[in-house]
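Colleague: Here is how the chains run, residue by residue.
4 protein chains.
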Amino acid sequence: MPSSETLAALRAFVDERDWDQFHSPENLAKSISIEAGELLECFQWSPGFDQEQVEAELADVVTYCIHLANKIGADLDEIVMKKLESTKAKYPVELAKGRMTKYTQLGDSPE
Amino acid sequence: MPSSETLAALRAFVDERDWDQFHSPENLAKSISIEAGELLECFQWSPGFDQEQVEAELADVVTYCIHLANKIGADLDEIVMKKLESTKAKYPVELAKGRMTKYTQLGDSPE
Amino acid sequence: MPSSETLAALRAFVDERDWDQFHSPENLAKSISIEAGELLECFQWSPGFDQEQVEAELADVVTYCIHLANKIGADLDEIVMKKLESTKAKYPVELAKGRMTKYTQLGDSPE
Amino acid sequence: MPSSETLAALRAFVDERDWDQFHSPENLAKSISIEAGELLECFQWSPGFDQEQVEAELADVVTYCIHLANKIGADLDEIVMKKLESTKAKYPVELAKGRMTKYTQLGDSPE
Numbered sequence: 003m004p005s006s007e008t009l010a011a012l013r014a015f016v017d018e019r020d021w022d023q024f025h026s027p028e029n030l031a032k033s034i035s036i037e038a039g040e041l042l043e044c045f046q047w048s049p050g051f052d053q054e055q056v057e058a059e060l061a062d063v064v065t066y067c068i069h070l071a072n073k074i075g076a077d078l079d080e081i082v083m084k085k086l087e088s089t090k091a092k093y094p095v096e097l098a099k100g101r102m103t104k105y106t107q108l109g110d111s112p113e
Numbered sequence: 003m004p005s006s007e008t009l010a011a012l013r014a015f016v017d018e019r020d021w022d023q024f025h026s027p028e029n030l031a032k033s034i035s036i037e038a039g040e041l042l043e044c045f046q047w048s049p050g051f052d053q054e055q056v057e058a059e060l061a062d063v064v065t066y067c068i069h070l071a072n073k074i075g076a077d078l079d080e081i082v083m084k085k086l087e088s089t090k091a092k093y094p095v096e097l098a099k100g101r102m103t104k105y106t107q108l109g110d111s112p113e
Numbered sequence: 003m004p005s006s007e008t009l010a011a012l013r014a015f016v017d018e019r020d021w022d023q024f025h026s027p028e029n030l031a032k033s034i035s036i037e038a039g040e041l042l043e044c045f046q047w048s049p050g051f052d053q054e055q056v057e058a059e060l061a062d063v064v065t066y067c068i069h070l071a072n073k074i075g076a077d078l079d080e081i082v083m084k085k086l087e088s089t090k091a092k093y094p095v096e097l098a099k100g101r102m103t104k105y106t107q108l109g110d111s112p113e
Numbered sequence: 003m004p005s006s007e008t009l010a011a012l013r014a015f016v017d018e019r020d021w022d023q024f025h026s027p028e029n030l031a032k033s034i035s036i037e038a039g040e041l042l043e044c045f046q047w048s049p050g051f052d053q054e055q056v057e058a059e060l061a062d063v064v065t066y067c068i069h070l071a072n073k074i075g076a077d078l079d080e081i082v083m084k085k086l087e088s089t090k091a092k093y094p095v096e097l098a099k100g101r102m103t104k105y106t107q108l109g110d111s112p113e
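Residue numbers (the numbering used here), protein chains in the order written: chain A, 3 to 113; chain B, 3 to 113; chain C, 3 to 113; chain D, 3 to 113.
Please keep in mind that the hints were generated in silico from the structure rather than gathered at the bench. Be a bit skeptical, because a hint or two may be false.
When chains are identical, the list treats them as one kind, so a pair holds in a single copy or across two.
Think about it this way: if two alpha-carbon atoms lie no more than 25 Å apart in a straight line, the pair counts; the simulated DMTMM-like pairs of lysine to aspartate or glutamate are [unchecked claim]:
(1) K104 with D77
(2) K99 with D77
(3) K73 with E54
(4) K99 with E54
(5) K73 with D22
(6) K99 with E28
(7) K84 with E18
(8) K73 with D17
(9) K85 with D62
(10) K84 with D62
(11) K84 with E96
(12) K73 with D20
(13) K92 with D77
(14) K85 with D22
Modelling step: build the complete structure from the supplied sequences, incorporating the hints.
Modeller: Structure (structure tokens):
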């Protein structure tokens with residue numbers, strides 16, 4: 003993740019513009035937050051949304067995530083799977099089923 | 003993007019916990035912003051960072067991006083490539099090379 | 003805004019810890035985003051909320067806003083009032099009443 | 003905080019447009035995150051910034067903070083001061099002086 007074509011296209015885009023100098027991990031992390039805000043703006047006043055607009059803003063968030071992963075030498079599939087393992091441990095099915103309770107409070111069952 | 007294994011694992015995680023009911027596009031967009039903030043926290047006071055911590059927080063952002071893409075029926079590779087085409091048009095190499103100037107001001111050349 | 007007591011207390015807090023060196027405008031802007039994410043977390047999965055938790059997170063956002071205003075020499079009441087004037091002009095009562103339409107599309111009336 | 007004039011002006015702005023219906027605490031929390039992202043955008047690629055632009059974006063964040071405080075019946079000075087007391091306890095001067103270490107790790111002194 004992403005496909006090797008997408009990855010190559012993003013790298014070429016940055017190289018052609020000589021933008022790698024701006025792509026510090028810190029600047030990319032800021033960029034992810036900024037774009038996440040623009041994505042959220044699609045839902046600012048209601049849960050309803052415009053498909054095309056959400057796709058475009060989600061694409062921006064993911065683009066910067068790919069740039070950041072490249073920059074720090076991380077593989078997105080790998081880190082997502084690794085994190086999933088730890089999340090599974092924090093939210094065992096029998097405690098978390100049908101409830102969105104923070105894992106630190108999962109023990110406090112309502113019975 | 004992501005790999006079919008990652009995608010299947012994330013879907014199983016949600017299904018087993020019966021969490022699809024919470025995964026409205028709006029809630030997922032909020033979640034992306036929240037996790038983007040946690041990623042940014044790795045760089046709050048300095049550009050230096052802890053690799054493992056950044057990978058874990060980046061994984062959270064990307065995980066919710068995958069959930070949102072699934073939810074609205076979007077393919078991440080496809081929307082990233084589509085957005086890249088429009089970004090290329092906004093930032094032509096000859097104007098944007100080595101400069102991080104917003105595209106709306108790219109015409110205002112310094113000469 | 004804020005009261006002179008609050009302002010003095012916040013300044014003393016920073017001075018005693020010798021933290022002014024970390025309070026660059028950029029770091030404070032990051033901090034505002036990070037804390038805004040924590041505030042949003044109070045509403046991640048539902049519109050319902052815990053009053054005390056929201057107050058504590060809102061306080062963090064506002065605290066960093068006050069630090070940033072101090073740092074760049076801005077008066078919060080003044081900039082809020084100035085911005086209100088320009089927002090009023092963008093959203094005239096007769097067009098904006100009861101509608102949350104972005105000002106750029108306000109002319110496109112539904113009739 | 004804010005001054006009674008600013009508060010009255012913001013309330014009148016909302017009332018005249020009949021926008022209170024959109025100002026749920028959840029929507030205001032989203033708005034604060036969105037505007038925090040726009041403020042951060044002023045620092046996206048460098049620590050340098052444009053004073054006027056930062057003031058305008060900071061004003062937007064603070065405006066929504068004031069709306070949220072009104073909505074949930076919180077006094078900004080009061081919650082900021084209350085939070086400051088708990089932050090002081092987490093970051094005692096003798097441990098935190100000149101260091102930006104998260105309070106959970108403050109005990110791990112380098113000596």
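Colleague: Tell me, which hint numbers fail for this structure?
Modeller: The structure conflicts with hints 1, 2, 4, although it agrees with all the remaining ones.
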